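> Residue strings, one per chain:
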Amino acid sequence: MNLTAKHPSDAAPASDVPEPTLSVQNLSVSVETQTGPLPLIKNINFTLARGETLALAGESGSGKSITSLAIMGLLPPPAVRVSGGSIMLGHETLTTLPEADLRALRGNRVAMIFQEPMTSLNPIMTIGTQLIEAIRAHAPLSRAAARSEALAALRAVRMSEPDRRMHQFPHELSGGMRQRVMIAMALALKPDVLIADEPTTALDVTVQREVLELLRDLQKAQGTAILLITHDMGVVAEMADRVVIMRQGQIEETGTVHQIFAAPQQTYTRDLLAAVPRMGQGGVPISRKEAPVIADLRDVQVRYDIRGGVLNRVTHRVHAVESVSFDIRTGETFSLVGESGCGKSTIARAIVGLVPHEGAIDIAGQRVGTMTAQTRRRLSAVTQIVFQDPMAALDPRMTVGEQIAEPLLIHGEHDAASRRAQAAALMDKVGLTEAQLDNYPHEFSGGQRQRICIARALSLTPKLIVADESVSALDVSVQARVLDLLRALKDEFGIAMLFISHDMAVVENISDRVAVMHLGQIVEIGSRGQVFGNPQHPYTRRLMAAVPVPDPSFERMVENRISDDVPTPLHPIGHNVIRHQMLQVSDGHFVAETD
Amino acid sequence: MSDTTMKSIARRPDSAWVRLRRRKMALVGMALVILIFGASILAPWIAPYDPFEQHFDGLTLFGEPLPPGGEYLLGTDLLGRDLFSRLLYGARTSLIIGVVANGIALIIGTVVGLTAGFFQGWIGAVLMRFTDLMMAFPALLLAICLAAVFQPSLWIVAFVIAMVNWVQTARVIYTETTALTARDFIAAERTLGASTARILFKHILPHLVPTIIVWGTLGISTTVLLEATLSYLGVGVQPPTPSWGNIIFENQTYFQAAPWLVFFPGAAIVVLALAFNLVGDALRDVLDPTLRGSD
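From first to last, the protein sequence lines are chains A and B.
Under the working numbering, the final residue of the first sequence carries the number 595; numbering is consecutive throughout.
Under the working numbering, the final residue of the second sequence carries the number 1295; numbering is consecutive throughout.
Bound-form chain B, shown alone (with noise of 0.2 Å):
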């Protein structure tokens, strides 16, 4: 290559939009997601029974849940409730766990991780040590301890979540910032006389979107089990309501009798992750000039 051979004629770029939506994955996963929470929304209208009511029909004679087909669509649980009911509802638990939740985590994690591995410093030192601490303490036992605090409510548990997931994210974010901050572009940028605010947001943060998503659909699944396991100990949200982990957690020992109980709350949790995976992808992919003009 000469090197004043000129390249390609300049061309405006087409918009993270529009190359957005060129991607077949990403258009499937961005309408998996606008099902999952046009679900949710509306689940008190298309709900074909309540999800609390216990059905005398729904149960054999035998007092066994039903398989699904037949009246009730995904089967019942073991008092006799309507599974697909109860997924419908659950799902607005399990997506303000793992969205909200998750999201606020991943804020935390990224304002923490990136404010120490770019002052370093005793500002870096506090924090990385504090972050290191609350690793170093079991998960639950914290949730539990917080939630014993607080009385149990869904957003109360979905603090409690955030506070302890946001870890992972910021030791990742931590390192990645400090190998950003070495570069020379960023040196680049000091003696060009950009503020600290510039190079954070203009220049940093940008190289962690990736992983800010890679994390981000991580959480998803890790979120929604946590709130399962918190539920199942009695600290997360409260019987009756419906959410995918505590569904499972309910009927996990009934697991060969009646295996939908676990299957179809289960899938839910893989599809939800999926579709956030898909359109986290995609969307590393487009905002990446590096990529541009690949697709």
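So that you can see chain A by itself, here it is in the shape it has in the complex (with noise of 0.2 Å):
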């Protein structure tokens, strides 16, 4: 650590008795609507000392990005203003002061990380200039010393080739490495406060447990205090002394982080931990060995021609998807699990027809491969898919009633009232009441609305579904709720479900079967206990390793991996991917050779 102090008191040694660096007191913030302000948060106190690090904690809706825009005077305006209540930074009430002063703190003193970097960058402006101009901004610097600044602060992330980073464009980093820089934007300036929203959820879980790390090196190296406001109950534990528990804009409990996993006092709190999916939960996996096979993939590649050069020819292959074969048999759960870009989602949307594919794909009896409208229309019958965003997978101008229906008015049932009833029958079977048929998308909860699509691919009664990462964009106790919803109706219509996720804990929870798929092969397959239980390729023990545990007192074993070039799939045309050859461990585990 190498960064030169700017603030002289900032150097100085924190007093024993820690005093509050930020503190929020009575807060509320409402929005203007036109029938007079609606109150977002209530009330709302909680401090923030020196070298500590809170957790603001909540599902969505629950006020806390709104808290830390308020802390910001980010709040958008003019509709959305503090009501009540005072922010304090160190002396100085961040709720009074004019915003000519608040940009000067801004960064300054308290500085903020996004959840999405690529967004927070700008794309047309080097990783240098960008780390110089947010350095100049603050401190009266010459180019050349906030230049040397701005490559300490690259060297304290840990950036590999510091140098060479300077000059590249956002896009040329991959997401860990945006995460790092906009962490090194925001630390170059050594705030007393720094905010992360949701720093890690964008990110994979490898690399996710990397930048957790590097926060709290230099935290313990700076002496910062984090506000980390996350949904992930998993982060919470690992890296927060205390917790605020916020729900619809009031904290329903506050305590050390210990406090709050081992005797949450509020009932919301409680249910909150008890829908956090953890490894090892899982419950008896059903015997595979008469149920017949209803998908079958042999050698299934998906490749991706990327174009180039003054002829606009072919010159390199993103090989999504390199050969993979399994099975999945009526009844059961197949997961396929992996970080992004592994190929998991490419396989999904081969299934069901929607991208073209090498090798055999066959469902229930049937061959998946060039598409007439015809061909579509039966593989619709016996297989659906359930998309990641129910709110993009639906049309927004069209009733639910409408669209849950339409499956059936396509496969020739022509009666508008027998298609209603069905379609009522369906809402019925996923929580939802024959009402609200005639509602519109929008009108509905994020969770609701997924319920509408897995009501929407039931209607044809299919023989499988896919679900591609169908609860990831959901809160934790209704990804719970729907979870146990697509359970219980594999369980009544006797289907077969293939679910993609890149949530260990959820795929530990769900499935039968389990595959780890890396760079798009298969690295181990075998049944959920064999994988969980014993796994043996070193990509599948680094994913199960690096999974936040929702436990405080879990000791986490340290170890050192820092690879900043990610592996692509990207191949120069004719050139040959190595297939791992699969080797047998036990009945039905096979794992891919390893050299």
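Quick caveat, the hints were computed from the structure, so don't treat them as lab data.
Some hints could be false.
[Unchecked claim] EDC-like cross-link-like pairs, simulated, lysine to aspartate or glutamate; straight-line CA separation at most 20 Å: (1) A:K490 x A:D296; (2) A:K220 x A:D503; (3) B:K1202 x A:E19; (4) A:K490 x A:D428; (5) A:K490 x A:E469; (6) B:K1202 x B:D1184; (7) B:K1202 x A:E402; (8) A:K429 x A:D491; (9) A:K220 x A:E19; (10) B:K1202 x B:E1176; (11) B:K1202 x A:D438; (12) B:K1202 x A:E413.
Values in this document were obtained by computation on a predicted structure and should not be read as measured data.
Two chains, two separate frames, one set of hints: put the complex together.
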């Protein structure tokens, strides 16, 4: 750590009794609507001391992000504003400070990092320019001095080849590296308080691990107070000293991390913790010996052409899926797990005929292949997909009743009354009411919308349902209920499910068999007990070790893995990808050979 | 919001027509549209004078046109013809251009943009390269060429204007369709086995309505003025047949001496575009279910 202290006072050691760096007292924020002010957060109180990490945890709509924006003075004007209470930073009252003074404070004494680093970085400026500008905006440094500060900051966040990174653009870096640039930018000015708003939510689990460790190390070195905003109780358990649980704009419970996890006082906190999927909690898997095979994939490949050069010829190919084979039996839940870009969603789309593939995919005896209107209709009767984002998967200009009944119409049910009756029955199955058939998608909550998508997928009574990250966008309590629903419906209709997720804990909860994917290939496949109980492949082990554990007393083994250059499935044309040889570990448990 | 909370009790929504009638500005717009249409149809009965007649007392002793007021309601033009009567008859021409020509342009643009955007591939490439070609070609020059080939008549002029004006619409619709086609709910429709026609007409076209309405209302004033330009160049509607556009162009050089000759036809074009704009805006909101209940 080699950053020059900008405020001499910062270098002074903290006194024995930590004085709150940031204190929020009776803060209320409301939004102006046509029917008068509507409170978003009501009378919240908390303090944050130097060197401390306070987690603001809660589900979507709980007001945690509004709180952070209020501290930064970035509430969207003019409708949303602080309607009561105060925010103190040291001895200054932020709530009454004029905008010009606030601007000087932002970045300098309070810095913020956001969920999606790509949108927070300027895509047409190099990393170096952006860092230098941020530093010079707050400190009267020469360009050269600012540059060396920027380099030091990049080194502090453990970026490999910092000199080269200075000249790169944001799109040339991976998600984890971009988030490190954001952290470097935030910490270059040695702020008193760092607000991290869902800093790792958009990152893969192994990258999340590195970013969290980095934040912790930097905090130790600089004594920054961190206000961590997250919905992930695992991240809370690993990072926080104290926790504030928020719900519907109010503080539900405050306590040290050990108190909250060991002895939660409020029912809501208990429910929230109970809903968090944990590793090692799955039920009894079904025996798969007798059930007939419903989906059979043999040597499936999906490649995307990348064109380039003067003649616009194919120069590179993305080997999204490279020789994948597995089968799914009736009544079984088969999970594909892996990090972003591993090809799991591409397989899902290939199975339902949305992307062309090579190799053989057979669903209930039907070959997925060249799609004519007729074969597509037949395929749609046996397999259906539930997408990640239900809002995007529903037509916003059509009532949900029409959308649930539409597959029936497409498949030749011409009696409108009968369609409506079937749609009503499906609504009932997924826990909604017939009365809601005439509503539009935007009139439902996220979890309800996903139920509607499930109802639509069930309307043709398919044999296989592909759930592509279907619960990833939902709050944990909602996620738990949707998972229960999926499980119940699967048993009731006797269908098979292909469950695709990046979340190891969810996968362990729901699946009978699991395949771990990495760079387009399966590296390990077996029953849930085999893969999670006896992981063989190093990648599987790394994935499992990286999952945040929702238990503050959990001792994590220290491992240092810093690799900035992520391997990609992008290869020049003619390149032969080495295909893994699968070795049998035990009955039904295969692992890719490693060298 | 709890996941299983019942939302509001289901209600049979009011029909689009009922909701449209509830909007004051929409009613104003509709009234204006009806007024303009009515005036153009009833022109022979309500026009005080023959639009072609050059009145002897329509000019001052020095041969200047008469200002508004007096015997001639909106004044007279350079040849001593009654401006009000000419505007009434001119409404017919301008409406045919602004509504029919513009409507044809809109339909062609939507069909081309939708087809190219949805199917992509070689169909899309051919259609869009052709659109680009049309865009690169000066519209006025093209119109003059087309008008020179065919004998100028009102319908030919309308056709020529439609041929020139569909290009922008096609480009915009193409971009929007491309974006829509990539959305998950279209992928969901495909996996449900929906036919191409169903996806196009039930799921993509309704989302394009706002754009089509905006381009339609913008197109009214541009087409009316394009017709005027063509008339001015002698390839549009032939004098002495009046149109709002050619009244402006005939008289623009005398703007300082007789401003009413430009002001009134200009105002008529603005009112026409405004009226359609008001109706279009209201229609767009009424047809958007996400705004339901906000009026």
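> Work down the list of hints and note, for each, if the structure agrees.
Verification of the hints:
A distance of roughly 19 Å separates the Cα atoms of K490 of chain A and D296 of chain A; the hinted pair therefore holds under the 20 Å criterion. Note on K220 of chain A and D503 of chain A: the hinted pairing is violated, with a Cα-Cα distance of about 29 Å set against a maximum of 20 Å. About 62 Å separates the Cα atoms of K1202 of chain B and E19 of chain A, which puts this hinted pair outside 20 Å; it is violated. With a C-alpha separation of about 16 Å, the suggested pairing of K490 of chain A with D428 of chain A holds against the 20 Å cut-off.
Restraint check for K490 of chain A and E469 of chain A: the C-alpha separation of about 17 Å stays at or below 20 Å, so the hint holds. Using a Cα cut-off of 20 Å, the hinted pair K1202 of chain B and D1184 of chain B holds, with the two alpha carbons roughly 15 Å apart. Between K1202 of chain B and E402 of chain A, the direct Cα distance comes to roughly 11 Å. Compliance with the 20 Å bound is thereby established for this hinted pair. Distance hint between K429 of chain A and D491 of chain A is fulfilled; the C-alpha atoms sit about 13 Å from each other, no more than 20 Å.
Annotation: proposed proximity of K220 of chain A to E19 of chain A holds, straight-line Cα distance about 17 Å (limit 20 Å). This hinted pair checks out: K1202 of chain B and E1176 of chain B have alpha carbons roughly 16 Å apart, not beyond 20 Å. Note on K1202 of chain B and D438 of chain A: the hinted pairing holds, with a Cα-Cα distance of about 17 Å set against a maximum of 20 Å. A hinted pair counts as satisfied when its Cα atoms are at most 20 Å apart, and K1202 of chain B with E413 of chain A qualifies at roughly 17 Å.
This entry does not satisfy hints 2, 3, going by the numbered hints stated previously.
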